[in-house]
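Student: The primary structure of each chain is shown beneath.
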Amino acid sequence: METNDMRRLRILVVLPLYGGSLPVARFCVAALRELGHTAEPFEAPDFYSAYQALSRLKVTSDRLGYLQNSYLQTVSSAVQAKVESFEPDLVLALAQAPLTHQTLKRLKRDGVPTAMWFVEDFRLFTYWQSFAPFYDLFAVIQKSVFLEQLEAVGQPNALYLPLACHPDVHRPLELTPGERRKFGSKLSFMGAGYPNRRMAFRRFVGRDFKIWGTEWEGDHILEPLVQLSGARISSEDCVKIFNATDVNLNLHSSIQADRIVTGGDFVNPRTFELAGCGAFQVVDHRQLLPELFAPDELAVFHSVEEMVEMVDYYQGRPEERLDMARRSRKRALAEHTYAARMQALMEFAAERLNGWPKPKAAVGALADLPEDLARGVSALLERLNLPADASFEDAAHAVRSRSGILSELETTVLFLDEWRKQYG
Amino acid sequence: MQRHLIMQLARLGDLIQTKRLVLSVAREAEVHVCLDHSLVPVARRVYPNAVLHPIHAHKKPGISAGEAAAANMPVFAELRAESFDRVYNLNYSGLSFALSTLFDPDSVRGYRQVAGQRLRDRWCDLAFRWAKERRAAMNLSDFWAHFSRDPVPAAEVNPQASPKGGGLGVVMAGRHARRSLPPNVLAPIAAALWSAGGRNPLTLLGAAAERPAARALRKDLPPAADAAVTDFTGKTNLDELMDVVAGLDGVLTPDTGVMHLAAHLGVPVTAFFLSSAWAFETGPVGEGHVVWQAVAECAPCLESEPCPWDIACLRPFASREFLRLAVTMRPERAVDGLAGLRTAFDELGSTYEPFAGEAPQSEDRRRLREFLAFHLGRRDAPGAGAAVLANRVYCERDWMTRPRRTAPRRRMLRYGDE
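Going down the list, the protein sequences come from chains U and H.
Each residue of the first sequence is one higher than the one before, counting from 329 in this note's numbering.
Each residue of the second sequence is one higher than the one before, counting from 265 in this note's numbering.
Honestly, I wouldn't trust all of these hints.
[Stated by the list, open to error] Stretches of chain H that chain U covers, calculated by requiring three or more beta carbons in the stretch to come under 8 angstroms of a beta carbon on chain U:
{"#": "1", "stretch": "353-364"}
{"#": "2", "stretch": "375-382"}
{"#": "3", "stretch": "411-424"}
[Stated by the list, open to error] Taking lysine-lysine pairs in the DSSO-like style, the calculated list, with each CA pair at most 27 angstroms apart, reads:
{"#": "4", "chain 1": "U", "residue 1": "Lys686", "chain 2": "U", "residue 2": "Lys410"}
{"#": "5", "chain 1": "U", "residue 1": "Lys471", "chain 2": "U", "residue 2": "Lys510"}
{"#": "6", "chain 1": "U", "residue 1": "Lys514", "chain 2": "U", "residue 2": "Lys568"}
{"#": "7", "chain 1": "U", "residue 1": "Lys410", "chain 2": "H", "residue 2": "Lys396"}
{"#": "8", "chain 1": "U", "residue 1": "Lys749", "chain 2": "H", "residue 2": "Lys396"}
{"#": "9", "chain 1": "U", "residue 1": "Lys749", "chain 2": "H", "residue 2": "Lys324"}
{"#": "10", "chain 1": "U", "residue 1": "Lys688", "chain 2": "H", "residue 2": "Lys323"}
{"#": "11", "chain 1": "U", "residue 1": "Lys410", "chain 2": "U", "residue 2": "Lys749"}
{"#": "12", "chain 1": "U", "residue 1": "Lys410", "chain 2": "U", "residue 2": "Lys436"}
{"#": "13", "chain 1": "U", "residue 1": "Lys658", "chain 2": "U", "residue 2": "Lys471"}
{"#": "14", "chain 1": "U", "residue 1": "Lys749", "chain 2": "U", "residue 2": "Lys686"}
{"#": "15", "chain 1": "U", "residue 1": "Lys749", "chain 2": "H", "residue 2": "Lys323"}
Keep in mind the hints are simulated off the structure, nothing from the lab.
Each residue gets a CB set at the ideal place from its N, CA and C atoms; glycine is no exception.
Kindly generate the complete structure, drawing on both the sequences and the hints.
Tutor: Below, the structure is given as structure tokens:
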């Protein structure tokens, strides 16, 4: 039987080599799996150390550029190879994913749909103009002008898809006293030391204020407040910091020191993550924020003065903080999860891509199996966190990804998969 | 004593061509063989000391994929529980890759699958590269044997061939039709050799599917030869087939499992290799066999591709000149488009020496064999033309990375790994 089942898609998620979009990509993989799809990450970060090694060669910049581009072509060819073996319904790339023009053209030629979730500020990261036309779908975190500009460069399938939280990670935590001591404070900020933040946070020197994150070097006023010597903080520790802090500052970044609250359009991931944690935040006004959170769900400031006032106000009102944080968490869980974003993206793909997903022969994992084997496979599906009606192909894929010596049942599934390929 | 498993999931011919490896492994370990159920009768007799682990690896009527899988699972459990010290996985097939997941990947030689990634040993990698030029080939039996550290000499694998008194056997067809002589071409050859051999019994061998071909052959035989025929096509199981073949004076055959069976039993083989069949890849092993190898420009071809030349390599077999040559075996009667080859041995294993006509690219083949012998530590110098071969067979990955620890000791020494 052939179906074009939207519930059981195969999606290859191409991770970036490194950077801020990397955790977002991993959340996408987890969310797609949560939705019942078979999501496979392309682990581009594994290739990053070799890329970095090239930049330590001390060769001419021309030569370095050539080497880096050549290397990225190789990595991109690896994505192509992965596509050929995994046969996804969709290749989802996150910003900075190593997909070259050449690979994108080949994927288009081969009829493999591609989507980019460009979780960057299009005004700062302008390379989208060259790459956006090569994707079938282009999801962005900004609206209005950007959507028009995408249309102008030949990308008609643009989707506004704001960032989100991942409730399995961004959740309230019971912290140990030790963790509270280490990660807790009355006031904190977690993020990189952009110029506007450096200016704004001077107002809080002398308070129980902790700064976490990178790129705070050279700021003699704030440096004493920077924790762990400005080390990169893991996603897990971020959640602990959010949970352990009374008032979390959330000031969107800007490279302009003279305009601290920029009132820009997109909403950063931290907004959703803090909400998901049920942590209280004081956040700067953004044009797209009102449609994402109501005024009683977040404490929003429009100026530095208002930021300071709000911090002072809420620090003395734990009950109000708690109520507001509860409301923001409720909203985040209801509307702003990566699962919801992935669902929206899949629906958009179905709407815009003709005949997507392609019909495929759907054989249930348990179909045509003798009773004993069916029982075993059924239990295996459960252990693999696959739904009971998963296809045999998806079950085999999940087993194939397992490392180490497999059980006789797992090997039987792989053997049966190969048998069907060989003998039909 | 160590226990080693040899996984050979292919057909009859492949199972018997695994013999050199089985004998080599048996010198250092208890041998276990995983194979298709259907081949157990043969395996019991060819490998009497091996522990057999039959599974369903070949599709058969009346058994579904699910039933085959369910029946295999207890055997998989048994194989897994054995904790073999070494596993030789010989087939480049999805089924074999799947089966390799039962074992510690470090113990598996040949082909293995790790977390979904299919991997092959360096020895296999090299074979894929040199086999691009099929004429300069290595016998499959020797290729598999060299998965072991120190293979037994190829000359010790099968007994020297000698007539057994039961007349001439004729194998009607192999699995690939184009590689076999059609009845009207085969009949005069069979009749001529039957006559020259003393007009003893003439035994037709083959599966049930070959019955019509056997009937057609008999129509083309002279009455006296037909009167000597016993037609066993479709009438023997593997046990009975072995009994029949074991008593023959010789076997006329294309490249088939029965050919390898005859070589195992020491029954002289006269083989016809044409189309995709190439003696230097899959010829009979042992002293005293003859292969008539088609040497058309396009040989060996790919069976899966249509022949644009109307199977030109078949024509020499249909000539009157070939009948004279087949009977006399005299070099001066050589026929265009054919090479008469006799089985022989060198430091690497089985070779096929021309005695009538010329075998194409003998020099290339000799060089490749010398090159591989040096690679395997069986020669002290690489031989002429090694640089050209090294460029073709070795690649950057070989040079820049170390082979796995499970690679045979002598090769590891070559790479300075120990």
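Student: Hint by hint, note whether the structure agrees.
Tutor: Hints and how they fare:
Only residues whose C-beta sits within less than 8 angstroms of a C-beta in chain U count toward coverage, and the stretch 353-364 of chain H has 6 of them, enough to reach three; the restraint holds. Closer than 8 angstroms: that is the beta-carbon criterion, and the stretch 375-382 of chain H has 4 residues meeting it against chain U, so the requirement of 3 holds. A stretch counts as covered by a chain when three or more of its residues have a beta carbon under 8 angstroms from one of that chain; for the stretch 411-424 of chain H and chain U the count is 0, and the coverage is violated. The hinted pair formed by U:Lys686 and U:Lys410 meets the criterion: a straight-line CA distance of about 19 angstroms does not exceed 27 angstroms.
For the given pair, U:Lys471 sits about 39 angstroms from U:Lys510 by alpha-carbon distance, which is inconsistent with the 27 angstroms threshold. Among the hinted pairs, U:Lys514 with U:Lys568 is consistent with the structure: their alpha-carbon atoms are about 14 angstroms apart, no more than 27 angstroms. Distance check on the hinted pair: U:Lys410 and H:Lys396 sit about 25 angstroms apart at the alpha-carbon level, within 27 angstroms; holds. Pair hint U:Lys749 plus H:Lys396 holds up; C-alpha atoms about 26 angstroms apart against a cutoff of 27 angstroms.
Distance check on the hinted pair: U:Lys749 and H:Lys324 sit about 15 angstroms apart at the alpha-carbon level, within 27 angstroms; holds. Simply put, U:Lys688 and H:Lys323 have alpha-carbon atoms about 25 angstroms apart, close enough for the 27 angstroms limit, and the pair holds. With a CA separation close to 19 angstroms, the supplied pair U:Lys410 and U:Lys749 stays within the 27 angstroms bound. Restraint check for U:Lys410 and U:Lys436: satisfied, since their Cα atoms lie roughly 15 angstroms apart, inside the 27 angstroms limit.
Taking the CA atoms of U:Lys658 and U:Lys471, the gap is about 25 angstroms. The hint holds against a cut of 27 angstroms. About 20 angstroms separates the Cα atoms of U:Lys749 and U:Lys686, which keeps this hinted pair within 27 angstroms; it holds. Annotation: proposed proximity of U:Lys749 to H:Lys323 holds, straight-line Cα distance about 12 angstroms (limit 27 angstroms).
In this structure, the earlier hints numbered 3 and 5 are contradicted, and the remaining ones agree with it.
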